[in-house]
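With the hints as constraints, model all of the structure from the sequences given.
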Amino acid sequence: GAVVSQHPSRVICKSGTSVKIECRSLDFQATTMFWYRQFPKQSLMLMATSNEGSKATYEQGVEKDKFLINHASLTLSTLTVTSAHPEDSSFYICSAEPRLAGSSYEQYFGPGTRLTVT
Amino acid sequence: TQLLEQSPQFLSIQEGENLTVYCNSSSVFSSLQWYRQEPGEGPVLLVTVVTGGEVKKLKRLTFQFGDARKDSSLHITAAQPGDTGLYLCAGAGDYKLSFGAGTTVTVRA
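Protein sequence lines, in the order shown, are assigned to chains B and X.
Plus 856 on top of the position in the first sequence (first one is 1) and you've got the working numbering.
Plus 3 on top of the position in the second sequence (first one is 1) and you've got the working numbering.
Do not rely on the hints blindly, as some may be mistaken.
Partner residues aside, some chain X positions facing chain B, computed with beta carbon under 7 Å [claimed, not checked]:
hint: 1; residue: G45
hint: 2; residue: P46
hint: 3; residue: T51
hint: 4; residue: G55
hint: 5; residue: A95
hint: 6; residue: D97
hint: 7; residue: K99
hint: 8; residue: F102
hint: 9; residue: G105
Just so you know, these hints were derived from the structure itself, not from any lab.
Quantities reported herein were computed from a predicted structural model and do not represent experimental measurements.
A virtual CB, placed ideally from N, CA and C, is assigned to each residue, including glycine.
In structure tokens form, the structure reads like this:
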């Protein structure tokens, strides 16, 4: 149980184009989904918190107009990197918090998406 | 500034040896989680500790949550090459997780 999928797993795009990454909770409903960014050999950096049906909450320093988040249902959240530039190249990971997690705040992570902007 | 300090940053040991990873903070967390991540994959949840002083065992892995709920440790007994990976601790608070910088563990056969 508690499986989270991400699509695509890898994407290469040209500078100036937009890329959409999907995150799905496959066997549970997620009240909240999170988007992280991870640089090589570093820890996860939280970009934004997304609640179904409401606007995402972005962490300080993350441009909301550049990283568009949509959380259309309790099982799907999308991250769109708009007008991508080489410095946006990174490993993007989503996570989902089960609806009944309560106070433990357990998050289950997707396998990640490797974005390369050329 | 990392809310959670993990140590050591890197650990390389021989198969069969024991190891301990530490996670410390000045903040109190409602719960603390340990994850293991392999290259090119997402983190996998190993355990969640909630109660101060709690000890949880998962086969050869022992997790401890400090009495004040500010620190935690992960101890692996008789490490195996399959234990190799990046170990991350994460503290829950303000409806989100704060991650430590991670400990890269390498177990040599």
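So, going through the hints one by one against the coordinates:
1. Annotation: G45 of chain X was flagged as interfacial toward chain B, and the flag holds, the nearest CB pair being 4 Å apart, inside 7 Å.
2. For P46 of chain X, the interface hint holds, since its Cβ comes within 7 Å of a Cβ in chain B; the closest pair sits about 5 Å apart.
3. Here the hint on T51 of chain X is kept, as its CB sits about 5 Å from the closest CB of chain B, short of 7 Å.
4. With 7 Å as the threshold, the beta carbon of G55 of chain X stays out of range of chain B, its nearest partner Cβ sitting at about 14 Å, so the hint is violated.
5. Contact between A95 of chain X and chain B, as hinted, is supported at the beta carbon level, the nearest pair being about 4 Å apart and thus within 7 Å.
6. Interface hint at D97 of chain X: violated, since its Cβ lies 10 Å from the closest Cβ of chain B, which is beyond the 7 Å cut-off.
7. At a threshold of 7 Å, the smallest CB-CB gap from K99 of chain X to chain B is about 6 Å, leaving the interface hint in force.
8. Nearest Cβ of chain B to the Cβ of F102 of chain X: about 5 Å, under the 7 Å cut. The hint holds.
9. Hint on G105 of chain X holds. Least Cβ distance to chain B is approximately 5 Å, under the 7 Å limit.
Figure legend: structure checked against the earlier numbered hints; hints not met, in rising order: 4 and 6.
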